[in-house]
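Work out the full structure: start from the sequences and follow the hints.
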Amino acid sequence: MAAPAAAIAGIHEFEKRAAGGLSPLQIKAECAARALEDAGLTWADVDAVYDASEAGRMQGLTIAEYFGVTPRVLDTTAVGGSSYEFHAAHAARDIAAGKANVALLTYGSTAHSDRRAIGTGWRGGSEAQPAANMERPYGLTLVGNYAMVARRHMAQYGTTPEQLAEIAVTTRRHAMRNPQAVAGLADIGIRDVREITVDDVLGSRLIADPLHLLECCIVSDGGGAVVIVSPAVAAGIRTRPAWILGTGEALGYPAGGADITSTAAARSGKEAFGQAGLRPEEIDIAMIYDSFTITVLAILEDLGFAKKGEGGPFAAGGRLAFDHPGGPALNTDGGGLSSNHPGMRGIFLLIEATRQLRGESTAQVPGARLAVAHGNGGLLGTRHAACTILLGTG
Amino acid sequence: MPGQPSPAERPLPVFPEPDTEPFWAATAEHRLTYQVCRACGEVVFYPRRHCPGCTGGEPEWRDSAGRGTLYTFTVVRQNGHPFFRARIPYVVGLVDLDEGFRMMAEIAADPDSVHVDQRVTVDWEDHPGLSVPVFRPE
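So the sequences go chain by chain: A and B. Counting from 1, one number per residue, gives the positions in the first sequence under our numbering. Counting from 1, one number per residue, gives the positions in the second sequence under our numbering.
Since the hints were derived computationally from the structure, they do not count as laboratory data. Please note that the accuracy of each hint is not assured.
In silico lysine to any residue, SDA-like type, Cα no more than 25 Å apart, as pairs [said to hold, decoys possible]: (1) A/K308 / B/W61; (2) A/K99 / A/T70; (3) A/K308 / B/D96; (4) A/K16 / A/Q364; (5) A/K308 / B/D117; (6) A/K99 / A/K16.
As structure tokens, this is what we get:
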């Protein structure tokens, strides 16, 4: 493995899950300023901007002006919730190529305040597009799309509802250690905020069989920012850098008789682990996009933490908890299931992975050295984008 | 072909959309169609003008017998769209047709009776100018 070419030097997660009237742009700017301060940098240091246009159409044209920065590199990759892992991969590449030294990634959303029904709202749209024309009439919700993967996984491998539920139990346990998550769950109207059991999950109502309410991510407001820098800049910062050791990108779509229990993570993960020269069993922290329990289960397998089809037994027995030996520790901030999901969660995976490598998580794994952040965007059962980022203390 | 449906009606494909328009035109005659590339034999679905299997391809239209196996499914129990909200619970699945293509469709059956790998056959829900394929257990 070559010496890493870039590191995460600054992070910030918007503290609230109900934004109290702030706009997505205001959330982005606040997080950007805090993340730059975290790294000991200023707006003037930023020379590369990455934006998924979640705060409006074609934001690449306007976001640098809004922040007050003058980028030499602009990247507007927009592939749903995984956009921020793609941005991190591209930032590492752009820095390695000598095109940038300080890359700024931001995210802001008011999905909760806007009362957006992300998982169960109308997704057919009205665009005349080939794939949409072949699927629009059938009323498949976003939750339903992921549920089809869960149903097939159960039929093909014998995965049980109890095994899937363990993932939600673990992330809630982690969330209850995170004061921002606890306050946030109350702020978005969740009554009786507490740890949950497998029975609680399976006793919650079915949204799209076999997925229950407590297997679905929350809908919050929120945002975050990540500052990625070159080794020369990293040498002068006050925080401990989280080095980007490997990246991999892939897309999944339904072609012929493709096995939908295998996601694009199988390819992005292989690429990232290969570049880093690492194996899954060496990883301390697994920040995996938990839109739904099945997303985590399938991706754990695809990244190589468990053999395909054996993710259910792998996740059982609390194995993914921060204090369980034999890890990895899953979504130690509480995840999208129980801490923060304003629609596109990818940036929080990078932020919490960095906290762990700094020793600053509320569910800290002692001596955590290596983390994986895997973003999944789009629809797991049909078309999705996957990006794997491997991070280390160096 | 119909225009935009009102919210209380089933959402339908939107035209003009030249890749999928022939598929939907055939449904008016209760024909379920797919494509096979004349050059490389690739089975193409959803429909396209080009062949994703080879650059010299020419997908030609064929009729499916409309029989297949249910690859996976879900029972939708919450949907904010007025048409679908009134139908809850309903089954949506992916059907592997015997000719080698996979399509999404509603499965018209009691949700409790549906299972993976079940054999299903196409039926039709008629609308002005097109019919929506619906699969029923054999």
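Inset, instruction - Would you list, in rising numerical order, the hints stated earlier that this structure does not obey? - result: 1, 6
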